[in-house]
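*Asks:* Sequence:
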Amino acid sequence: MLPAKDSIVLLFWDDITLGAYGSAVLCRRKCDNSEIILKQIPMIDLNASERRLAINEVNVLSMLNHPNIVHYHDSFEESGMLIIEMEYADDGTLQQYLSQANEELDEREILHIFKQIVSALRYIHSYNILHRDLKTANIFLMKDGTVKMGDFGISTVLSDTAKEAKTVLGTPYYISPEMCESKPYDDKSDIWALGCILHEMASLQKTFEGSNLPALVNKIMKGTFSPISSHYSAGLSSLISDMLQKDPKVRPSANEIYYQRLPEIERNFDPNEFEDDQISCMSDSAAGKRKRYINLILTAIAGSLHIFYSSVLYCLNLTNIIMDQCDLPSRKCFIQLAVGSSHVVAISSDRTAYSWGNGCMGQLGHGNLMSYERPTMIENLKGKSIYRACCGNRFSIFLSENGIIMTCGAGNSGCLGHGGWTPYTIPRLIESLLSKDISSISCGNEHVMALTTDGTVFTWGTGSYGQLGLGDEDDR
Numbered sequence: 001m002l003p004a005k006d007s008i009v010l011l012f013w014d015d016i017t018l019g020a021y022g023s024a025v026l027c028r029r030k031c032d033n034s035e036i037i038l039k040q041i042p043m044i045d046l047n048a049s050e051r052r053l054a055i056n057e058v059n060v061l062s063m064l065n066h067p068n069i070v071h072y073h074d075s076f077e078e079s080g081m082l083i084i085e086m087e088y089a090d091d092g093t094l095q096q097y098l099s100q101a102n103e104e105l106d107e108r109e110i111l112h113i114f115k116q117i118v119s120a121l122r123y124i125h126s127y128n129i130l131h132r133d134l135k136t137a138n139i140f141l142m143k144d145g146t147v148k149m150g151d152f153g154i155s156t157v158l159s160d161t162a163k164e165a166k167t168v169l170g171t172p173y174y175i176s177p178e179m180c181e182s183k184p185y186d187d188k189s190d191i192w193a194l195g196c197i198l199h200e201m202a203s204l205q206k207t208f209e210g211s212n213l214p215a216l217v218n219k220i221m222k223g224t225f226s227p228i229s230s231h232y233s234a235g236l237s238s239l240i241s242d243m244l245q246k247d248p249k250v251r252p253s254a255n256e257i258y259y260q261r262l263p264e265i266e267r268n269f270d271p272n273e274f275e276d277d278q279i280s281c282m283s284d285s286a287a288g289k290r291k292r293y294i295n296l297i298l299t300a301i302a303g304s305l306h307i308f309y310s311s312v313l314y315c316l317n318l319t320n321i322i323m324d325q326c327d328l329p330s331r332k333c334f335i336q337l338a339v340g341s342s343h344v345v346a347i348s349s350d351r352t353a354y355s356w357g358n359g360c361m362g363q364l365g366h367g368n369l370m371s372y373e374r375p376t377m378i379e380n381l382k383g384k385s386i387y388r389a390c391c392g393n394r395f396s397i398f399l400s401e402n403g404i405i406m407t408c409g410a411g412n413s414g415c416l417g418h419g420g421w422t423p424y425t426i427p428r429l430i431e432s433l434l435s436k437d438i439s440s441i442s443c444g445n446e447h448v449m450a451l452t453t454d455g456t457v458f459t460w461g462t463g464s465y466g467q468l469g470l471g472d473e474d475d476r
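Numbering (the UniProt record's numbering), first residue to last: 1 to 476.
Just so you know, the hints here were simulated from the structure itself, not pulled from any lab data.
Built from N, CA and C at the ideal position, the CB exists for glycine as well.
Treat the hints with caution; some may be incorrect.
[Claimed, not checked] Computed Cβ-Cβ distance ranges for the label pairs, DEER-style:
#1 Thr-422 to Glu-35: 34 to 42 Å
#2 Glu-473 to Glu-264: 52 to 60 Å
#3 Leu-451 to Met-323: 39 to 47 Å
[Said to hold, decoys possible] Capping the alpha-carbon separation at 25 Å, the derived lysine to any residue pairs in SDA-like fashion look like this:
#4 Lys-249 to Ser-119
#5 Lys-332 to His-66
#6 Lys-436 to Gln-336
Construct the complete structure from the given sequences, taking the supplied hints into account.
*Replies:* The following block contains the structure:
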């Protein structure tokens, strides 16, 4: 019988698959009627190495929060069984999808799927995480067209001092030449596997195949693979070739693929040219699934593919005790909300910062002392890839994807981190932390904490009650 946890009430369960170390079970929670996956791992039956892999998956998943990564909810132990509670991908895997296709995929459909995979990969690489087992079986599909990366069991986190991994892990069809030779490898090994996935989507067959493992390794080491169909664009073919370069140093990074290579390919297409009759020859089930993706792709504008999600935000009106809907920008998905005593900052999925509320000390970052009733984009942060923010007492802190902190607002408590008490109406870099790679920020009313990727903690602001953790009550 499936172990239970107090917060989970199961209405039904079905075994979905049997993995290497346990089974994945589909459940429905009574509390919210949502479907989830409970991955059951019998720790008592595993050796130390296998237990480390299981614990590693929990550790990695708990670090990640991205729309294209399978969401981790919780984990717990019951009678020697590790239970990992995670999001259920309700439309199968990319491997299953490709195996059901009886004709080549349209290039825009490939781009729609692939761009989301790259988005997830560039996110984990920004945290120095290598997936190490990228393959079509670990790419999960949702019925709304969202693509999710999953199965982080053998992922590894590289430290600042160890930028390469050495353990050979992964699925043979997708391992890179450097892994075949047991050489140290880095994030470019994931790029090789990504190239295999893209080639597989275009050709509907494995990029490298062999009758046995030595034959497969031999083909990988030679780096020769069959070209994709000529009806695909030269840009797509070139991208595959570049990702499958034997020299990892010349392979493009995930950031380069996402921000440069894919937009160049997407600009070649007019979304209005795609007609439904292109899928008429497919089976009903496959055609229905393809059409679902096609309908999402047709929201493309200005020659670039976009999928539009919208967020809804409600605020509690204490006067009338009712929930008022905030006037958020349309067609924006917000991934974080920071609330101060008199102002709010919201971060959208495209890494744009918005603020509203009281601006009397410049805490809104708009370059003035005005107050704003509606969420307004912070122009000075446009293009800075802001992905975290926090709000204190009349000041704001912003963290960019490349680990840079910017602050604005009241400086009287030293919370801006600039070594003085001067207020600023536009976000300003904290110069003393430019050499540090900041991964997380948090603040109280009058003090701030920042965590680096190597685990170092910095604090500043008001030191009352020893809240800075520096052994005294001095302000910094």
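*Asks:* Now, for every hint given, state plainly whether the structure supports it.
*Replies:* The hints, checked one at a time:
1. Thr-422 to Glu-35: 34 to 42 Å: With a Cβ separation near 53 Å, Thr-422 and Glu-35 fall outside 34 to 42 Å, so the hint is violated.
2. Glu-473 to Glu-264: 52 to 60 Å: At roughly 56 Å between Cβ atoms, Glu-264 and Glu-473 fall inside 52 to 60 Å, so the hint holds.
3. Leu-451 to Met-323: 39 to 47 Å: 34 Å, violated
4. Lys-249 to Ser-119: 21 Å, holds
5. Lys-332 to His-66: Holds - the C-alpha atoms of His-66 and Lys-332 are around 15 Å apart, at most 25 Å.
6. Lys-436 to Gln-336: Distance ~23 Å between Lys-436 and Gln-336 Cα, so the pair holds.
Checked against the numbered hints above, the structure violates hints 1, 3; every other hint is satisfied.
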